[in-house]
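Asks: Letter by letter, the chains look like this.
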Amino acid sequence: MKRRAFAVALGLTVAVVGMTACGSGGSSAGGDSGTIHVLVYGDASNKVEKQLVETFNKTSKVKAVLDTIPGADYQPKLNTIINTPQAPDVFFNWGGGSIQPYVKSDLLLPLDDMIAADPGLKSNFLPSVFNTAVIDGKSYGIPMRGTQPVLLFNNKKVLADAGLSVPKTWDDLLNAVRVLKAKGVTPFALGGGDQWPTLMWYEYVFDRVAGPELFQKALSGDKSAWESEDAKKALGMLKQLVDAGAFGSNFDSVKFTDGGSPALLAKGKAAFELMGSWEYATQQDASPDFAKGDLGYSSFPSIAGGKGDPANVVGNTNNFYSVLKKSKHPEAAAAFLKLMYSDEFVKAQLAIGNLPTTTGTEQFLSTAANPDYSKYQYDLVKAAPSFQLSWDQAYPPAANTPIHVAVQQFLNGKLDVNGFIKAMQALPAS
Amino acid sequence: MSASSFVSRSGRRPRAGSRTGVGVTRPGLVWAVPATVFFLLFAIVPLVLVAVLSFTSWNGVDAPRFNGLANWTKLLHDPVMTQSIWLTLVLTAAGVVVQTPVSILLGVWAAGHQRNRAVLSAIFFVPLLLSATAVSVVWRAILDPNFGVPSQLEWLFGDGNLMGSQSGGVAVLTFVGMWQWTPMHALLYQGGARAIPRVLYQAASIDGAGKVRQFFHITLPQLRNTAITSVILMVVGGLTTFDTVLILTQGGPGTDTTNSAYYMYQQAFKSFDFGAGSAIALVLVVAATLISLAVVRLSGYDKMRSTAEGL
Chain A
1303 MKRRAFAVAL
1313 GLTVAVVGMT
1323 ACGSGGSSAG
1333 GDSGTIHVLV
1343 YGDASNKVEK
1353 QLVETFNKTS
1363 KVKAVLDTIP
1373 GADYQPKLNT
1383 IINTPQAPDV
1393 FFNWGGGSIQ
1403 PYVKSDLLLP
1413 LDDMIAADPG
1423 LKSNFLPSVF
1433 NTAVIDGKSY
1443 GIPMRGTQPV
1453 LLFNNKKVLA
1463 DAGLSVPKTW
1473 DDLLNAVRVL
1483 KAKGVTPFAL
1493 GGGDQWPTLM
1503 WYEYVFDRVA
1513 GPELFQKALS
1523 GDKSAWESED
1533 AKKALGMLKQ
1543 LVDAGAFGSN
1553 FDSVKFTDGG
1563 SPALLAKGKA
1573 AFELMGSWEY
1583 ATQQDASPDF
1593 AKGDLGYSSF
1603 PSIAGGKGDP
1613 ANVVGNTNNF
1623 YSVLKKSKHP
1633 EAAAAFLKLM
1643 YSDEFVKAQL
1653 AIGNLPTTTG
1663 TEQFLSTAAN
1673 PDYSKYQYDL
1683 VKAAPSFQLS
1693 WDQAYPPAAN
1703 TPIHVAVQQF
1713 LNGKLDVNGF
1723 IKAMQALPAS
Chain B
5 MSASSFVSRS
15 GRRPRAGSRT
25 GVGVTRPGLV
35 WAVPATVFFL
45 LFAIVPLVLV
55 AVLSFTSWNG
65 VDAPRFNGLA
75 NWTKLLHDPV
85 MTQSIWLTLV
95 LTAAGVVVQT
105 PVSILLGVWA
115 AGHQRNRAVL
125 SAIFFVPLLL
135 SATAVSVVWR
145 AILDPNFGVP
155 SQLEWLFGDG
165 NLMGSQSGGV
175 AVLTFVGMWQ
185 WTPMHALLYQ
195 GGARAIPRVL
205 YQAASIDGAG
215 KVRQFFHITL
225 PQLRNTAITS
235 VILMVVGGLT
245 TFDTVLILTQ
255 GGPGTDTTNS
265 AYYMYQQAFK
275 SFDFGAGSAI
285 ALVLVVAATL
295 ISLAVVRLSG
305 YDKMRSTAEG
315 L
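Quick note, the sequences are listed as chains A and B, same order. Using the working numbering, the first residue of the first sequence is number 1303, and each one after it goes up by one. Using the working numbering, the first residue of the second sequence is number 5, and each one after it goes up by one.
Pulled out of the complex, with its shape left as it was, chain A reads as follows (with noise of 0.2 angstroms):
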């Protein structure tokens, strides 16, 4: 009697696994002829995407719907249906990490031949920005929403009570934190409890310090990077802040997320905040006054004999669309992604407030939301001789928890020199 239930049971899973195989073997995406899927990260930023939509559907015969999957949800639910007959088309996605798993599983449309047919899907956008959709000398990516580089912020009322300028290298940064800590202002508000803000940290100070070739060695595979003497020097120095107390004592009970580590700045408990250029949108809504008066922005400040040059950047490249290979409609995917460096776009993004990253943004950005602050931003990003992507984005999903929790522990003192590269070490490689 037991050994029937469980052969039941055992055809039964066999049967359902054989009907999943099936289903991700069968047939292709967008089941109806004649549309193409377009499926995005849903926030406010849908509005152009909506716009962009309806553009392409006046002149295509290929139809575009647009699907929206709200934001924490976006990944799992990606990951979900792309290998079934409901994936997408088109898709949302942040470039490096984010789709490399699926470039191995062979999913997604090498774009080459598109940007061979039109090479403006190439050249019409900044370099350091497209090359984070190239894996292995392909290109899979298109970029379609704003860049978002990581800035230190600051809220220059408490600057100037403190008697302070902005912090141009690195000493100025230890000498701003020994002020600051004699007037009883937290030096630098950190948002630890949601753990990425604290790795965008290491990756200034590693790239500062070794220059981006140190991460992209280690992002290739090679692990003795994270050993080297400038992993240690750079390691040496986040403890030399955190010892001086720069981030006060419990930052990891506070979160970005929940505009904890904002409210620090704009209520001057901190004076700076190291975040993404998405810090000023944050504070403009949470705390508008203070946006429009006193907060201020610069980049990181450079290292004395360090490798990385100053003018280099780190932060979230832009957001891309990629293509899936068993698309039925390829071209109108193609002329859908030619939108992408349209004047319509980049207007239509300025005045939503992000920062398109195509070569034609220049003339435009007098029409952004906030002109100056686009006009930084943009300059510092085309001059940039080097864009990283964020650490946790540039691996593939699964070095996610392990990157977020090493940088963690070391920062508050549970893991050594020696913990954090062992852990580092031990990432799935790419």
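Be careful, since some hints might not be right.
Stated by the list, open to error - Label pairs and their calculated CB-CB ranges:
#1 A:K1628 with B:L93: 45 to 55 angstroms
#2 A:A1685 with B:Q156: 39 to 49 angstroms
#3 A:N1720 with B:A55: 34 to 44 angstroms
#4 A:E1531 with B:W90: 30 to 40 angstroms
#5 A:E1664 with B:A55: 50 to 60 angstroms
#6 B:A291 with A:E1515: 42 to 52 angstroms
#7 B:L93 with A:S1526: 31 to 41 angstroms
#8 A:A1374 with B:A291: 20 to 30 angstroms
#9 B:T77 with A:E1664: 50 to 60 angstroms
#10 B:A175 with A:E1633: 58 to 68 angstroms
Unchecked claim - Distance condition first, Cα-Cα at most 25 angstroms in a straight line; then the derived DMTMM-like pairs of lysine to aspartate or glutamate:
#11 A:K1541 with A:D1474
#12 A:K1525 with B:D82
#13 B:K274 with A:D1560
#14 A:K1724 with B:D82
#15 A:K1485 with B:E158
#16 A:K1379 with A:D1408
#17 A:K1628 with B:D66
#18 A:K1716 with B:D82
#19 A:K1483 with B:E158
#20 A:K1716 with B:D163
#21 B:K274 with A:D1375
#22 B:K78 with A:D1718
Unchecked claim - Derived list of chain A stretches under chain B, where covered just means 3 residues or more per stretch with a C-beta under 8 angstroms from a C-beta of chain B:
#23 1403 to 1411
#24 1556 to 1562
These aren't lab readings, by the way, just hints derived from the structure by calculation. The model shown is predicted, which means the values in this text are computed figures rather than measured ones. For glycine and all other residues, C-beta sits at the position ideal for the given N, C-alpha and C.
With chain A's structure known, arrange chain B on it following the hints.
Replies: Chain B only, in chain A's frame:
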């Protein structure tokens, strides 16, 4: 179709008819089919699938590949997994220890007929109506180190780094769990206390027992079965605590509050390693089943001993 075909298999004579009267026979197996099918479809089949997946490497995109015991050996040597089991047990035990006395006191109090009782009970039960997510978000704001309660009570909270240490994180999770779940258990105890026969109290007060004595010698023993139900619910709930961890601490700092349920989610839905996630899930299922069985056995609940014997 006549009802009798459900009641007994065709051709066989109703057996129980002779003892309990016509028509009070044991229902036929057919009645159990709907529930059994659903149980198979939504509990057993997924469970078996998870068991199979735990021997594969699957990123959710390609077809699963069998990799033998790789997930299991990895799990065995994974310090985060070991820690997560300890954390799960600590969180569960702390939940039971903290919630039970408060629930009993509140429930027994709410079973009485005092002034304002109905109004106050209604207020106490409000957390029961809120989703775990809402509860966690609210407490996160209240416990913010710079703008919440800790910034006003420095003598108690120090620098307010509650979610920045393991002990702090566990304390917060336990406290928020208590705040959220105590009302439900209080409700159970209220029902239990209401069902205690009044004659017991009347007899006790004639014998000269005071309120306290009545509580310890009548109320508590009479609530035994309620307590076991409540504890099992707490244990199962504690073992699978997830939403509060996700929102309050995200398993951090580092992995300091990563309990097994959260670790499972992290492996499966953040790292897209469904094989490893399934292995953790299976450990949780087995552990939860064993612990529930142990509670039932040790408490004598399975003997269904009545608390009303001799009444």
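Asks: Taking 50 to 60 angstroms as the stated bounds, is the beta-carbon spacing between T77 of chain B and E1664 of chain A within them?
Replies: holds, 56 angstroms
Asks: Take a quick look at whether K1716 of chain A and D163 of chain B sit within 25 angstroms of each other, Cα to Cα.
Replies: holds, 19 angstroms
Asks: Three residues or more, CB to CB closer than 8 angstroms: is that satisfied between the region 1556 to 1562 of chain A and chain B?
Replies: holds (count 4)
Asks: Indicate whether the distance between the beta carbons of K1628 of chain A and L93 of chain B respects the range 45 to 55 angstroms.
Replies: The hint (45 to 55 angstroms, Cβ to Cβ) holds, given that K1628 of chain A and L93 of chain B are roughly 47 angstroms apart.
Asks: CA of K1541 of chain A to CA of D1474 of chain A, is that 25 angstroms or under?
Replies: Holds - the C-alpha atoms of D1474 of chain A and K1541 of chain A are around 17 angstroms apart, at most 25 angstroms.
Asks: Does 20 to 30 angstroms hold as the CB distance between A1374 of chain A and A291 of chain B, or does it fail?
Replies: holds, 29 angstroms
Asks: Between the alpha carbons of K274 of chain B and D1560 of chain A, is the straight-line distance 25 angstroms or under?
Replies: holds, 21 angstroms
Asks: Looking only at beta-carbon atoms, does the pair E1531 of chain A, W90 of chain B fall within the given range of 30 to 40 angstroms?
Replies: Holds, since E1531 of chain A and W90 of chain B (Cβ atoms, about 38 angstroms apart) stay within the stated range.
Asks: Go check the region 1403 to 1411 of chain A versus chain B for me, would you? Three or more residues, Cβ under 8 angstroms, otherwise it fails.
Replies: holds (count 4)
Asks: Is the hinted pair K1525 of chain A and D82 of chain B satisfied, with a Cα-Cα distance of at most 25 angstroms?
Replies: Given that 25 angstroms is the threshold and the Cα spacing comes to 21 angstroms, the pair holds.
Asks: Quick one: are N1720 of chain A and A55 of chain B within 34 to 44 angstroms, going by C-beta?
Replies: holds, 38 angstroms
Asks: K1716 of chain A and D82 of chain B were given as a pair; does the straight-line alpha-carbon distance stay at or below 25 angstroms?
Replies: Answer holds: K1716 of chain A to D82 of chain B is near 17 angstroms, not above 25 angstroms.
Comparing the model with each numbered hint stated earlier shows that all of them hold.
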